[in-house]
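Protein chains in written order, with our numbering: chain A, 1 to 260; chain B, 1 to 354.
No wet-lab data here; the hints were simulated from the structure.
All figures in this text were calculated on a predicted structure; none of them were measured in a lab.
You may find that some hints are simply not true.
Said to hold, decoys possible - Some chain B residues judged to face chain A by a derived CB distance under 10 Å, without partners named: (1) Asp85; (2) Tyr86; (3) Ala87; (4) Met104; (5) Ala149; (6) Val152; (7) Gly237; (8) Phe263; (9) Val266.
From the three backbone atoms N, C-alpha and C, an ideal C-beta is built for every residue, glycine too.
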Amino acid sequence: MRVFMRFLSAGYALAIYGFIFLPVVVLVVFSLQSTAFPIPPFTGPSFRWYEAVLNDPRLTSALFNSLAVALISSLVAVALGFVSAWGFARFMLPGSGLMRGLITLPLTVSYLIIGMGLLVIFNMIGLPKNLLAAGIGHVVINLPLCFAIIYSQMGDHQINIERAARDLGATEWNVLWLVTLPIMWPAIFASLFLSMTFSWDEFVISFLLTRFDTTLPVEIWNLLRSGLNPKTNAVGSLVFAVSVVAAIILELILLRRRPA
Amino acid sequence: MTEALVEMKNISHSFGRVSVLNDVSLAINPGSYTVLLGPSGSGKTTLLSILGGFLIPRKGSVLIRGVNCTMLAPARRPTTTVFQDYALFPHMSVGNNVGFGLRMKGVVKSERDRLAQEALVIVGLPEAFRKKPHQLSGGQRQRVALARALVVKPAVLLLDEPLGALDLKLRRQMQDELKTIQKQVGTAFVHVTHDQEEAMALADHCVVMNQGRIEDEGTPERVYAKPATRFTAAFMGESTLIPGEVTSVTGNAILVNTAFGAFPIVAEAAEGTQVTLAIRPEHMRLIRDSRSVTFGSALVTAVIFQGSFKRVLAESTSRVGFFFIARIPAEHDVAVGDTVTPCCHIEDLIMLAK
Numbered sequence: 001m002r003v004f005m006r007f008l009s010a011g012y013a014l015a016i017y018g019f020i021f022l023p024v025v026v027l028v029v030f031s032l033q034s035t036a037f038p039i040p041p042f043t044g045p046s047f048r049w050y051e052a053v054l055n056d057p058r059l060t061s062a063l064f065n066s067l068a069v070a071l072i073s074s075l076v077a078v079a080l081g082f083v084s085a086w087g088f089a090r091f092m093l094p095g096s097g098l099m100r101g102l103i104t105l106p107l108t109v110s111y112l113i114i115g116m117g118l119l120v121i122f123n124m125i126g127l128p129k130n131l132l133a134a135g136i137g138h139v140v141i142n143l144p145l146c147f148a149i150i151y152s153q154m155g156d157h158q159i160n161i162e163r164a165a166r167d168l169g170a171t172e173w174n175v176l177w178l179v180t181l182p183i184m185w186p187a188i189f190a191s192l193f194l195s196m197t198f199s200w201d202e203f204v205i206s207f208l209l210t211r212f213d214t215t216l217p218v219e220i221w222n223l224l225r226s227g228l229n230p231k232t233n234a235v236g237s238l239v240f241a242v243s244v245v246a247a248i249i250l251e252l253i254l255l256r257r258r259p260a
Numbered sequence: 001m002t003e004a005l006v007e008m009k010n011i012s013h014s015f016g017r018v019s020v021l022n023d024v025s026l027a028i029n030p031g032s033y034t035v036l037l038g039p040s041g042s043g044k045t046t047l048l049s050i051l052g053g054f055l056i057p058r059k060g061s062v063l064i065r066g067v068n069c070t071m072l073a074p075a076r077r078p079t080t081t082v083f084q085d086y087a088l089f090p091h092m093s094v095g096n097n098v099g100f101g102l103r104m105k106g107v108v109k110s111e112r113d114r115l116a117q118e119a120l121v122i123v124g125l126p127e128a129f130r131k132k133p134h135q136l137s138g139g140q141r142q143r144v145a146l147a148r149a150l151v152v153k154p155a156v157l158l159l160d161e162p163l164g165a166l167d168l169k170l171r172r173q174m175q176d177e178l179k180t181i182q183k184q185v186g187t188a189f190v191h192v193t194h195d196q197e198e199a200m201a202l203a204d205h206c207v208v209m210n211q212g213r214i215e216d217e218g219t220p221e222r223v224y225a226k227p228a229t230r231f232t233a234a235f236m237g238e239s240t241l242i243p244g245e246v247t248s249v250t251g252n253a254i255l256v257n258t259a260f261g262a263f264p265i266v267a268e269a270a271e272g273t274q275v276t277l278a279i280r281p282e283h284m285r286l287i288r289d290s291r292s293v294t295f296g297s298a299l300v301t302a303v304i305f306q307g308s309f310k311r312v313l314a315e316s317t318s319r320v321g322f323f324f325i326a327r328i329p330a331e332h333d334v335a336v337g338d339t340v341t342p343c344c345h346i347e348d349l350i351m352l353a354k
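Use the sequences and the hints to build the structure in full.
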């Protein structure tokens, strides 16, 4: 009976992980296909589709666009999130509770609504559809996240630490640079990487707000419209690999700060 | 008397509509150890925050070395604070923590390391320089916080309930060391606490605060033995309190009439004033001698053995519900149910006007 239960629970675990990871495994495996269709039987391994991806200027430029948008929009989101968290945590502001609620509200709004809203506004003010518009969209969706993470780590116990620094002659700039930022860096790094991964594979907003130069997920979607081929698998695998690396870096940062 | 190092003049402050300080004036002498003592909500921490520059008072002024510092930021006034939670910089080594104030003053690295190490020696932590704060015990962190505040040579060092987070034994030990360090460096210390034993052990100048006002101030010996107010008498330790009325005044002596008789006392009060006579438990005797004044007879209701002494509660036989509190030597033989004669020397009667 016990053996049977163990067998059952192992099977259940296998089913869950299979359900989550099988699509990814299939994607990665058939990106190594040497023939023209990503369907069984497996004919690889071969890197010809990766070569094709890297030789496709539209895909490579989309890849760099995505990296640039992810990095820049995340840096902006983290900077704004940090400053607003600092403001809420350190100063008595009128209607603080309501304003904190408002700043985190976009977390619950669908990307589609945010994207459409931005599209309407950008139309009104005459900002063309481009990577800048998409970047602004990514700041809008990632700022609440960065704010929430950083604000949650900016505890009251740090108030006295900052006061101590000021008491010992530190200017506000010194307090921020030598005390607050170093203490906060795990939260800042975590929110930076998290928003980079979100921006990296965000589709809806990029789709609505870009036209000629676009991000990788949108370019992949363009590619898919002409049907499946191992090239889409290869580029998908690359996207996945970047996300995995970001996730690992994030885990390492979060794990490292636990003993302290 | 030397010129005061710090003068706080007519300070009033309130949080919203709640008044926390009410026209408080305080002078601090160079090299003194001042203790602000009071229950929570008495305004002692607010007064310290105003002195440290973390709060700007609604009214009044703060002069340090004759300079008006009322509006000056903490960074720009010659005070440093040891916080209750130590507030060490968790990401810096102990040496860099202690050297932080010097770094802000632009002292070069080698010099500030040398001074930081010196300060660590003073507080008894010569080996901690390279450690991180989280590797230290509570008492050690406390010392680091003290070294960090001392190393910049402030005019006044402020300590906000510095021993509050330590256990009793460590607290008494740190208390002795604080006093020794203060005498060694000669900096004026201002220390906030609600523990009257701590206050008496440390203070040169003891300031008792209650409800935003200074109730009494002076040497701890004076404040304990001759408290100015009823609150001070109660806060500095228990006493037997006998209500009475001043019935006659002759020269510098008054006669106070109470339920236990009339007592002549050397004090100033107008005829007809309601006053309270207080007797400290160690002055209350249960066996009369030739110099004693007595308070009728009383029935012992409780004897509590407390090591070096016994605490005795005795109920008056003439006034039911009135208790005398005495602290008598442990070898003294008293049992519950005994009838005793509570009495004291006339000079141990403390008259409290308020």
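For each hint, the structure was consulted:
no. : hint   : result
1   : Asp85  : holds (6 Å)
2   : Tyr86  : holds (8 Å)
3   : Ala87  : holds (4 Å)
4   : Met104 : holds (4 Å)
5   : Ala149 : holds (8 Å)
6   : Val152 : holds (6 Å)
7   : Gly237 : violated (32 Å)
8   : Phe263 : violated (51 Å)
9   : Val266 : violated (47 Å)
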